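Protein chains: 2
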Amino acid sequence: MALIRSVFQDELDGVSQSLVDLSNMVAESIAKATKSILTSDLKLAEDVIASDDAIDDFQHDLDARIIDIIARQQPVASDLRALVTALRMSADLERMGDMSHHVAKITRLRHPNSAIPSELTHIFQDMGTAAEKIARKTGSVIGSRDTDVALEVERDDDEMDSLHRELIGSLIAPQWAHGVETAIDLTLLGRYYERYADHAVSVSRRVYFLVTGKFA
Amino acid sequence: MALIRSVFQDELDGVSQSLVDLSNMVAESIAKATKSILTSDLKLAEDVIASDDAIDDFQHDLDARIIDIIARQQPVASDLRALVTALRMSADLERMGDMSHHVAKITRLRHPNSAIPSELTHIFQDMGTAAEKIARKTGSVIGSRDTDVALEVERDDDEMDSLHRELIGSLIAPQWAHGVETAIDLTLLGRYYERYADHAVSVSRRVYFLVTGKFA
Chain A
41 MALIRSVFQD
51 ELDGVSQSLV
61 DLSNMVAESI
71 AKATKSILTS
81 DLKLAEDVIA
91 SDDAIDDFQH
101 DLDARIIDII
111 ARQQPVASDL
121 RALVTALRMS
131 ADLERMGDMS
141 HHVAKITRLR
151 HPNSAIPSEL
161 THIFQDMGTA
171 AEKIARKTGS
181 VIGSRDTDVA
191 LEVERDDDEM
201 DSLHRELIGS
211 LIAPQWAHGV
221 ETAIDLTLLG
231 RYYERYADHA
241 VSVSRRVYFL
251 VTGKFA
Chain B
41 MALIRSVFQD
51 ELDGVSQSLV
61 DLSNMVAESI
71 AKATKSILTS
81 DLKLAEDVIA
91 SDDAIDDFQH
101 DLDARIIDII
111 ARQQPVASDL
121 RALVTALRMS
131 ADLERMGDMS
141 HHVAKITRLR
151 HPNSAIPSEL
161 THIFQDMGTA
171 AEKIARKTGS
181 VIGSRDTDVA
191 LEVERDDDEM
201 DSLHRELIGS
211 LIAPQWAHGV
221 ETAIDLTLLG
231 RYYERYADHA
241 VSVSRRVYFL
251 VTGKFA
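First to last, the sequence lines map onto chains A and B. Following my numbering, the numbering of the first sequence begins with 41 at its first residue and continues without gaps. Following my numbering, the numbering of the second sequence begins with 41 at its first residue and continues without gaps.
If you are wondering where the hints come from, they were derived from the structure by calculation, not from laboratory data. Hints are all accurate, no fakes.
You can't tell identical chains apart in this list, so a pair holds if it fits in one copy or across any two.
Calculated pairs, DMTMM-like style, for lysine to aspartate or glutamate (alpha carbon to alpha carbon, straight line, at most 25 Å):
(1) Lys254 x Asp138
(2) Lys145 x Asp238
(3) Lys254 x Asp93
(4) Lys254 x Asp96
(5) Lys173 x Asp238
(6) Lys83 x Glu68
(7) Lys254 x Asp108
(8) Lys145 x Asp201
(9) Lys254 x Glu199
Computed from a predicted model, the values in this text were never measured in an experiment.
Could you put together the complete structure from these sequences and hints?
Structure below.
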């Protein structure tokens, strides 16, 4: 019995490690997507678009593994909750990868032009940095179950929201001179970064709830 | 044993019925949200915003019930897959409710003005009709497991995508005369309807896969 329990514990640890790996994959994808859009780098954009398939496959395999563990180990109570939560976290992380993909597709759509007027590059630079940071931190929360870091993720998301408001403010300012098509691109880009961070917050909150039994 | 199996079957049917109910709740919420934005009806918008809490609570209770069934019945193979899939479907449906909520928040933000210029109301009228239809049909797919209707949902989503392209075309046309702020609102609204339909497609595909073992 002790041996079986230990195999199960190894399996749970393996799931947790895969979620950390997935967090790092989507952290890398948003960093590359941001660089692609800031430098109009088509090759990098194509890289991000291709790597989204790898992220989807990774998530698909992880989910199959989690369901297989539930079927074989028939966990109850907190172990079952942890595995169901892992399925939800993998869905959030996969969706973060989709957001990187969407950013890269705008790079490709506008190439060789830039989707982002030069005076707004600093906002997207900061959004990209915030997004990568929040994803790496989310991975660390999953690995360590450190609830203090989970709360930090909430604050990082506030930073993203503030950048998002700054962006919208620039678009609707009277001196906006780049037309509607660019405004549409930037509205969508802003939404992708905001959603990316929201999903990371969702993952962190799930960990927080698993550890404390309370909502953050 | 036959009795236990039958209780379990009743529980699975109950989950399925709750997913149908949730589909109808989000069908109603997008219908109301659309009416609120087309008529700048603040009271209706507030109704939609309040009903999103009811949708979230309903989903929360349903998910707790599903996890409880897994813990007690310890299903394997196809029954376990159906229950895990039910969790994913409830997440998609809940997210559709969020999209209605987002639409209603734009009604409220712009009230007593209208977010939508009069010459574009027909597009949102059609998007709202398509969204409600796709949600009702999704409910019917969950209830009946009819794979033909699941494939119809894919075609309804093509209709939504076509409306979305028409919308973006209007925004970037040279004769656009409503400024950037309105274009931002309409870009976001278009995205909400498109995502709403995407989540419905996702639910239908999950049913299709459960029934046929193949991807639609």
